[in-house]
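Put together the whole structure using the sequences plus the hints.
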Amino acid sequence: MHLLQKIGLFLFVVALAIFTLSLGLDSYQLSPETLDISKEYQRQEVMDIAQQKGLLDKKYSSNFSFIADFKKVLKEAQASLDQKAQSGLPEGVSEWDFRMGDGDVKSILLQTTKASSTGPVANNPFLFWLLTIGLGILGGLLYILPKFIPLPGIKNNHIYHNSMTRGLKVNVRSVFLGLGIVGIILYGVFYMNNNLLWPLITLALVGLITWLVLYYEKQKTNNPTRSASPDITGWLGVITGIYLIGFYVLLYWSPHYMTAWILISDPISKVLSGNPASQWFLYGMLYTIVMLVMGIRMIAKYRHNNYQIIRTISVIFFQTAFAFLIPEIMVRMNQPYYDFKNIWPLNYSFFFDWNLNNLMNSGGLGLFMLVWGIVLAFIGVPVITYFYGKRWYCSWVCGCGGLAETLGDPYRQLSDKSVRAWKFERWIIHGVLVFAVVMTVMTLYTYFTGSYQVLFFNSDTVRTWYGFIIGAGFAGVVGTGFYPLMGNRTWCRFGCPLAAYLGLVQRFKSRFRITTNGGQCISCGNCSTYCEMGIDVRHYAQRGQDIVRSSCVGCGVCAAVCPRGVLRLENSALDVNTRTSELRAIHIGEGEVTLLQ
Amino acid sequence: MHIAIIGNGISGVTAARFIRKLSDHQITLISSETDHFFSRTALMYVYMGHMRYEDIKPYEDWFWKKNRIDLKRAYVSKIDTANKKLELQGQGELPYDKLIIASGSTPNKFGWPGQDLKRVQGMYSYQDLEGMEAASEGLKRAVIVGGGLIGIEMAEMFHSRHIPVTFLVREDSYWDGVLPGEESAMINRHIVENGLDLRLKTELKEIIDDGTGTASGVITNKGEKIDCQFVGLTAGVRPNIGFIKESAPSIETQKGILVDDYLETSEKEVYAIGDCAQIRTPLEGRRPIEAVWYTGKMMGESVAYTICGKPTPYVPRLWFNSAKFIDIEYQVYGTVLANPPENHTSLYWEHEDGRKSIRLVYDKHTSEIVGFNLMGVRYRHEVCEKWLEEKASIETVIQNLGLANFDPEFYKEYEADVVALYNKQTGKNLSLKKKRSLTDALRFLREKVSA
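One line per chain: the protein sequences are A and B, in this order. Here the first sequence stands for residues 0 to 596, numbered as in numbering that gives the first Met the number 0. Here the second sequence stands for residues 0 to 450, numbered as in numbering that gives the first Met the number 0.
Wrong hints could be hidden among the right ones.
Claimed, not checked - Every beta carbon over 12 Å from chain A, so not counted as near; a handful from chain B, in silico:
id	residue
1	Gly137
2	Lys254
3	Asp362
4	Glu389
5	Lys432
Unchecked claim - Some but not every residue of chain A turned toward chain B, in silico, with C-beta under 8 Å:
id	residue
6	Asn525
7	Arg537
8	Ser571
Quick caveat, the hints were computed from the structure, so don't treat them as lab data. Since the model is a prediction, treat every value here as computed from it, not as a measurement. Using N, Cα and C, we set each Cβ at its ideal position, and we do this for glycine too.
Quick look at the structure:
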């Protein structure tokens, strides 16, 4: 390892340690000034109860005890307001402004915990930004820049010798996966206020899909060879995975524990949008920075490959401009927060009433956003996918894809290539697409009729559950948290409804395919190993068949790692309906014998 | 009918797969090397940590049972052609109706003193990989003898672990018996720029025993002593037929097992395919033994048709091959010789970075194209094949050269430079009519097929 890399790694570890420890450095003190509630009746009630319980001006050295006590105050205020509301609301005050909903409680808890922080982080947020994120960037770059020194070419040496990237034993992976699924569903019971219906339905669907794959499709006895790591367990990767999972759990469901990080982001947020940071600003900022730094790594690694360089610059651009900067600037200009490249059904809240109302009440630009979003989803997606395949979105534009291609690149080899995994993939991803469509149709029904009851279900509950289980649990916790456990495209491959939709177009009507070069394939397996979507590329390459798979995101890495120049991503309208029917391998006595498919 | 196949490499496996596609015969695939088929050419990637052994198996382990191909891990010690049975070392006998021998190659040894010491080996089998792995711990220097494809692979393998390598090449330049001068020189430069100690015109004289039966150094023909704890012998391979010569003398052999056009040996219903087979009457321009991946595949397919009642001669079409020399990819289509005959001439273009080149070989009297040699540039197999089969003229080829380009999107195309070079050399004024395009290539191929 280059000396600069050692220094970089050291600095990065220090930055990560400070970042993690910063969560526990501040103390917390509730005062009338830090109680962040805009609705007057709620504010008064919470204040009274806080005073009663002696919370006001009491100094807590840990956010755990502060949050525990303050939560009790909020719960009590909530109950008390509910009771008071029953005996009549004050003159001219709506129920909305009086009672505290669960959403109010969450937001008050987060904002007040943030405002009540005092100590080194709260007092020096920018210094801590430099010590954590800034130092992390410096360390990362020092580690990455020496990668430009060796001769250009595919350098995958020691990926399977490295504890960080070699993946898990299949049984250890199963334990993580099982715990992940059950854990999220159990938490869902709590999240849905002990409403068991949807958690149970989800559990039943998990069981059904498992049964379908293992027994109906007879995969039980097919002990998969090409699963992630059969014999080795990379503990560094496991630790990284746990850290990432922890981060996402906090981010989605308990952001009040990460107020120190949100405080650190405040100065930058104020520069951009004029507002203090939310947990989503923190996330967006980290996301963009990580993509930038790891994007440089990607470019260093593939600097001999123009396709990879241009594609990487493209995803960085779309993340930085479209997902991060433009929405913040929109807010500064009093326009709706809108990510122009986020497409329904990945952007599942696009057709939610609050979004539709917001866009329709925001003048010309809002209406443009509304039309843009609809046109992109229903005309843009099929048309552009016809011309270029789903890669135009998944590996050139999409933010999830962008993170997977930059931060996730070191883990691309961990995708499971077995037939069994492919069968799971098809049931699950198309299941999510159906769920997204049904949920959206129900939401729109409610929007147009005002009735929440759609058949036997409450559309609001369905939508909340979708946001929880798919939007947060699958896309975030599993999607990114499982990078070092199941590969960098776990969400894109198994869960993303937009990927499923793009994939259907790609599979049935697109000019895109990966062609194979005659008889040059030596079945080495580099293409399959480095396919992040778990496609067994070699299966097609060695029989000389062009590859048209709905899951292919067109990252181009199979073609890049091929040592014999066998694979090429291409488009042509000439054979759009017969792309895969021809076997190109050089066979014996062509013409005399019929080629077997 | 029971068909026994000795060897689970690409040839034997292809035969088994096609027999299964064509028939319901019982198939037994015998190997003493591994339980399952793996891609031999990919062993290096396992050592370098690009892949795991699991990843170089082209089929999942359940594939064999599903396709009713019985796998037998055994060493065939004797072939009894009279009674149609195999003797398996320590595992009894196995009767067969038809036998396919696909026993592959074994590294050449030329009687060097010390060639059988410990830590002296080739790089061919799974066991060789294990040997290299075991020897790598604490290894201070490895010496590799023989400037061929396996030699440079072995050098790259050790290099990936930062183990110093001395690479002894007998010839004046790397692989110059196959590569034309400029390409060979390019690889010499590339080996050196990767920090490997390349010794051209240097032969192995002796391997030194450290007193415990283990290699501790080599002495070259120049009298130099090089300390090392590992010696890689990569001076080519030869058919692995020792066990046949001893146990089944009725099967005629020379360098390899002699086979007719239908891959049948001198014994009826015994066939030999792949690296171990020697074709009695090879096609013009082809060698009797060709130890490359795709010929093994084609032989396996041919023999399967023959065995399943559709006699099909083995007709390798156009010669082609590919390899990768550390970071430089190499492809060849048609006839490109290191020492070309008088009538061959070539148009050679090299990129200024010295790591890419395009060579078009043609007949200087008839202008017919005879071969393509590519370094660091990818060309489309089928397009080159069509031009070569129809003996297109060099001028037709270069004006349409973009049709052959197979480099990834956004890669710079160099075909216009090739045309410019041709114009410069001949004083003509041709221009490039076709750029890289799948649609154009498909259109071209369809015209050729329908014509």
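Against the structure shown, which of the earlier numbered hints fail to hold, in ascending order?
Nothing - there is no hint that the structure violates, so all of them hold.
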